[in-house]
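Asks: These are the residues of each chain, in order.
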Amino acid sequence: MNSETLNTLDSYSKNKYKYGFVTEIDEEKPKKGLNEDIIKFISLKKNEPEWMLKWRLKAFSKWKKMKEPKWANLNFPEIDYQNIYYYSAPKGFEKKPKDLSEVDPKLIETYNKLGIPLEEQKVLAGVAVDVVFDSVSVATTYKGELEKLGIIFCSIGEAIQKHPDLIKKYLGSVIPAGDHSFSALNSAVFTDGSFVYIPEGVKCPMELSTYFRINAENTGQFERTLIIADKGSYVSYLEGCTAPKRDDNQLHAANVELIALENAEIKYSTVQNWYPGDEDGKGGIYNFVTKRGLCAGKNSKISWTQVETGSAITWKYPSCILKGDNSIGEFYSVAITNNFQQADTGTKMTHIGKNTKSKIISKGISLGKSQNTYRGEVSFLRKADKARNYTQCDSLLVGNNCGAHTVPYIDSKNNTAVIEHEASTSKINEDQLYYCRQRGLSHEEAVSLIVNGFCKQVLQELPMEFAVEAQKLVSISLEGSVG
Amino acid sequence: MNIQDNYLKNRKNIFFSLNKDIQIHREKLINIFENDSFDRKNNESLKNINLKNFINFKYKYLISEETSVINNTQENNYSIVSVNGQCSSFKDDKIEITKISDEDYNDFSENNTIEKNDHFVNLNSLFLNSGFKIIIKKNNNIKIKISNIVTDDDLTIFQKNNIICEEGSSLNLIEEYENKNNATSNILNVIKLEKNSQLNHFLIQDNSPNHNLIITSHSSCKKNSTYNQKVYNFSEGYVRNFHYSELIETNSETDLQGIFFLKDDNKSNNKTFVKHLAEDCKSNQVYKGILNDYSKATYFSNTHVDQVAQKTEGYQLSKGILLSDNASYFSKPELKIYADDVKCSHGSTIGPIDENSIFYLRSRGMSKIAATKILISSFINEELSSIDNEQMYEIIQKKLVRYLSKVK
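Quick note, the sequences are listed as chains S and D, same order.
Quick note on the numbering used here: the first sequence kicks off at 1 and runs consecutively.
Quick note on the numbering used here: the second sequence kicks off at 1 and runs consecutively.
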């Protein structure tokens, strides 16, 4: 590494988090801590039926007996679950505003700062936004148009009231409450999230999207998202996040469940850019997310795409259970870690049905003093005849204080299944750099170009609306330390 | 019987049980066994293993009346027969063979930095009852063949060997494990390569179904030294091959390769671990397995690159062929990299024999079985053709033919 790189490394590693600001809104909070009373309080506030409360309490009793999973390559101080607020909602939101004019102007301002003006989005090409501001859905747009097609797109709280049958049938069916301690925690205290149901044969005409936003200090966000694609339907769902700058660590444990029935397809894209902590590793979001999709029917398909640039700690394994014959699971991921960030992310593909296929493309980029781990499991069970998997995970190291790790688990119990796995780790190719610089690009531009090329395979999987934002994010994340 | 009682009862048979330092160390090991929850999820050394059999074993060891033989057949050619893990002393101006000493024991237990959580290595240290030390003196080029013989049924052999290649020496070491008795051998090889030395180590394993072989090696390479290891596992009994290698000085290389052939309900656990601790080092880990019937295999490979180990090249490859519906293969190729100027990669495939190739051969008049056999041979051809010792090549060919004759 030459001195120029080191200089730029230095100057950029001081780059501040662009989205660091706090909206001051009165918040209604119960006391800190986790106990049965708080769960009853949440359930009461959300006006939930009795069975839901029972479900939550059952999950809570399971959680009490569980320990956090320890296998990830992460270091963080123990989480004090009693020092966290489990419910916070801006005041006056028990009654939902009918349109945007009734929404607190400060809130709208926050979104404007983030570059997602709601008004404009209404006009912009087909994106219906269900915004989660802390724990209560603020505004839901484009609802009418979706309703015409029979598509249900609402907050999970609303779905519990209006569609109890679907909730009872599917909630917790892919991620059981007792799966591990974070899923149990989420099941006990989840406050909001999205619910999507696409009826039989309907192709959702627009990309559904949610912007999550953590605002209140010390408030863990526990969203629960449930997407059901009925026979022959299609939906593409976007999730994106930015969080204001804070010094206290904030806990986030979301659960996302996808269910694709026969011939259905779900595409789930995430851009995650939460506050990663400052350059000394202070603060930042703890992100423990459980995402799992079930290809329940024949010929179904679930595709995960993620761009992970934020969070102090990322613990996230979007996975697919390929139960139906001929079903397909895909996972595309870019994970960039800088400063003291730690990411342990990957996927799990469980092949149960015949002719099931899965594809994993993972790109990890480590900068500064960060640790970036790919951890993925591919397993073929006995009956997964002719199943097929292809896995590729590449890592790029920039600077010699960071680490890049690859930990795949490959398990085959079927002799007609074929699995291929390859991985490589290297630094940015000097020849490519030289070539770019020769043609007049600055060192920084050249690195940005090469890294964007490195990630292209994944970024091109994102829907148009996201691809642009994601590319910008990649460049911004690099600014931290690449020359 | 628990580990502690087992140890106390048989203490008089166990090496160095009167040495105080070693006693303290062993008490710690006993503590580990008593307090460990044997969490299979987080401990690779436990996967696919029936723990009870290995922990509640009946200890039995005999010093055989047959004595070991050391022959100096040709110049620089030695053949050694080790009986129940013991070998008589020998000394000339090129090599020196002695019993293992308590210093060697301490040296290993203090400097074992790679894996502290391997229960079989701990068992080996605890019940140590045999072993020898070979020193290859400076600037000699030597060939040694060791036949490991177990004389009686139900023996439990806990053997620790030290192999030291002094500066500039070169050693070609062939070890054979061909036993028919119902016994368990737990062998730990501690290998040290000094500056400019080289060791080509071949392990041929072909035990009968009731013989368990647990073999672990720890090698460390100093400047410009090379350690090449090739494992050929034709055993019908359980075999565990765990091989750790440390590259501690610059420009050293290690190459850990293995092929295994499993059938019936046999199991095999394999692991290779390379730790790069210095600049400009190279490593290669290649394992290939063929699994038939109800057999099960695991392969863990691991490349660890320390922050100072710039200019590292580390490669891993794992390939498995499943011949039957009921065979299963688990592989976990792991990279842990803390330096940026490195070239590291791994590849892993598991699958059946390529149908197109079978079709090609069958369309030229071959039966399906013949085609399968040809394709299995070609799958491991690379490993076979790299054997430059003609005698050994023939031995391995024969064993391969024997394995293929059972393939249907």
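These are computed hints drawn from the structure, not numbers from a lab.
Among the clues, some could well be false.
What the hints assert, rightly or not - Residues on chain D that point at chain S, a partial pick, calculated with CB under 10 Å:
#1 F57
#2 K60
#3 L62
#4 P209
#5 N251
#6 Q310
#7 K332
#8 S345
#9 G365
Where a beta carbon is used, it is the ideal one built from N, C-alpha and C, also for glycine.
Asks: Can you give the numbers of the hints that this structure goes against, from lowest to highest?
Replies: Violated hints: 1, 2, 3, 4, 5 and 9; rest satisfied.
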